[in-house]
Amino acid sequence: MSARVRKRVREIEKFIRLLTSIQRQIEYALTPTDVLLQKLSESAEFRDFSFIHFVKEEFDSEKPLEFAWNCALQKYAATSALQSREKEWISAFSEAFGSTDKNGQSANCTFFITQLEAWAEELQKSVQSKSRLCYALGILSGIFFTILLL
Amino acid sequence: MDEQIKKEVLQIVALLPKRIRELLLNLPPNLLNTLTELRLRANGPMLMVSPTRSFYITVGGKPTYMPSEHLFYITQHEIQDIVTHACGYSVHSHQEDFKNGYLTVTGGHRIGLCGTAVTENGQTVGIREISALNIRIAKEIPHAAEETLRICFQSGLQNLLLVGAPMSGKTTVLRALAKEISSGYIGTPVKCAVIDERGELFPSDGSVQNNQCTMDVLSGYSKSDGISLAVRALSPDIIFCDEIGSREDVNAITEGVRCGVHFVATAHANTSQALYQRQKLKPLFADRVFDTLLFLGTKERVGKVTEIIKAGEDDAENGGNPADSGILHMDGNLFVRAGA
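If you're matching them up, the sequences are chains A and B in order. The first sequence begins at 1 in my numbering and counts up one residue at a time. The second sequence begins at 1001 in my numbering and counts up one residue at a time.
Hints listed in this document are in silico derivations from the structure and should not be mistaken for laboratory results. One thing to keep in mind: the hints can contain errors.
The calculated DSS-like cross-link candidates involving lysine-lysine, where the alpha carbons are at most 25 Å apart (straight line), are [unchecked claim]:
{"id": "1", "chain 1": "A", "residue 1": "Lys14", "chain 2": "A", "residue 2": "Lys75"}
{"id": "2", "chain 1": "A", "residue 1": "Lys102", "chain 2": "A", "residue 2": "Lys75"}
{"id": "3", "chain 1": "B", "residue 1": "Lys1062", "chain 2": "B", "residue 2": "Lys1006"}
{"id": "4", "chain 1": "B", "residue 1": "Lys1007", "chain 2": "B", "residue 2": "Lys1299"}
{"id": "5", "chain 1": "B", "residue 1": "Lys1018", "chain 2": "B", "residue 2": "Lys1062"}
{"id": "6", "chain 1": "A", "residue 1": "Lys63", "chain 2": "B", "residue 2": "Lys1006"}
{"id": "7", "chain 1": "A", "residue 1": "Lys87", "chain 2": "A", "residue 2": "Lys125"}
{"id": "8", "chain 1": "A", "residue 1": "Lys63", "chain 2": "B", "residue 2": "Lys1007"}
{"id": "9", "chain 1": "A", "residue 1": "Lys14", "chain 2": "A", "residue 2": "Lys130"}
{"id": "10", "chain 1": "A", "residue 1": "Lys14", "chain 2": "A", "residue 2": "Lys102"}
{"id": "11", "chain 1": "A", "residue 1": "Lys56", "chain 2": "A", "residue 2": "Lys14"}
{"id": "12", "chain 1": "A", "residue 1": "Lys102", "chain 2": "B", "residue 2": "Lys1099"}
{"id": "13", "chain 1": "A", "residue 1": "Lys56", "chain 2": "B", "residue 2": "Lys1018"}
{"id": "14", "chain 1": "A", "residue 1": "Lys125", "chain 2": "A", "residue 2": "Lys102"}
{"id": "15", "chain 1": "A", "residue 1": "Lys63", "chain 2": "B", "residue 2": "Lys1018"}
Hey, can you work out the whole structure from these sequences and the hints?
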């Protein structure tokens, strides 16, 4: 259970880094979407992130960006620990992706990053409190069995 | 043998939503291949323009010259779809294009945008509520530069201004000249710089091939900035730039010529009189910056030279009528001095 939550946190953090990279590329160089996807899929950080490769694959085959993003999310979700609220949120990012000016794109990224960060933090806390609980339960069980053995 | 749809037409068709695409692909290829413009209006019929005629399409896919209630109408949503697709789902990368009112797409085709201006401190910063599009199909004119090369570049480089009305093939001839001259037309390698402000001449997606050995393409620069940069940093023998018109362009070209660089540029005007009346271009003629002015025709004469003016052979800048002296008109393959 805890391992699955940790995986979920890692995946959310990966998406946060992805949206942050998109935001930087747009703010710094107004990078066109096709070039952006190419750069991200080749970057050391996202080379092993199947989601971005799925998006690029769909987009390169002339699919509209929103459609490509959502198809990729569906493919990625098959092996992901993300829950429906995160998937819906990541999907919603594509509605405005590439369809506004620089400021609009930056605001869109910030909006979605902020919520993902809040969820990641919330899950981190829950993982930590659960591990503390497990740790305490382990110690208590140990003491209990020791008393029984004595 | 059945005629195939030309590459440039297919590039445009690929940008269109499925409903419009299917309608166009059902038209006879020989009709599609003659198109020079597609005019799309939200909640209006699609108008197709060729050099000799304009026509509508009915919902059944038949060309017609008469407006009627059975015409194929375009929706607002389709206009928006085309714009988003045309800028590669990267509106943020095309802010300057929106400001200028057009997009340049793969193949160097231009999409004119009609909508409501977004202004800030009195300056246009963008466009909203796009209601109509004018898609201009950039055509390959076979041997487009042949005539111009023969007239102007037989004995070396010179400063040339190509002049014509919209759709007279100025950009196509300019592109062909850049290719030919950079490929060694005058016998020696020539260092060429192309200031491609709108990405129309040699788009960075490689859809129009250039000669990478001797041609530097400065894409996205304003003409004046691009010219200054090229002169300072690239030491070109000749610079090509499209559609000059501002005082900054004129100053940059004049400075460039004084630095010993040659120029081939284009300008809008349908006659020599109209050209001389363009206030911002006047210094170019007063300083005799260009050695030759070539006027290009439209419709059946698109891309063909219709009139030649050599510097020093006319006195228009001194108040005379340029049509009276020193102007060479094209008559078939012969040059005939006006009034001779």
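Checked hints:
1. Lys14(A) x Lys75(A): With a Cα-Cα distance of about 16 Å, the restraint between Lys14(A) and Lys75(A) holds, given a limit of 25 Å.
2. Lys102(A) x Lys75(A): violated, 29 Å
3. Lys1062(B) x Lys1006(B): This hinted pair holds, its Cα atoms lying about 20 Å apart.
4. Lys1007(B) x Lys1299(B): Cα-Cα ~21 Å, so holds.
5. Lys1018(B) x Lys1062(B): holds, 18 Å
6. Lys63(A) x Lys1006(B): The hint holds at about 23 Å.
7. Lys87(A) x Lys125(A): holds, 21 Å
8. Lys63(A) x Lys1007(B): holds, 21 Å
9. Lys14(A) x Lys130(A): holds, 23 Å
10. Lys14(A) x Lys102(A): Since the Cα atoms of Lys14(A) and Lys102(A) sit roughly 23 Å apart, the hinted pair holds (cutoff 25 Å).
11. Lys56(A) x Lys14(A): holds, 17 Å
12. Lys102(A) x Lys1099(B): holds, 14 Å
13. Lys56(A) x Lys1018(B): Distance of about 22 Å is within 25 Å: holds.
14. Lys125(A) x Lys102(A): Distance of about 34 Å is beyond 25 Å: violated.
15. Lys63(A) x Lys1018(B): Distance of about 12 Å is within 25 Å: holds.
The earlier numbered hints that this structure contradicts are 2 and 14.
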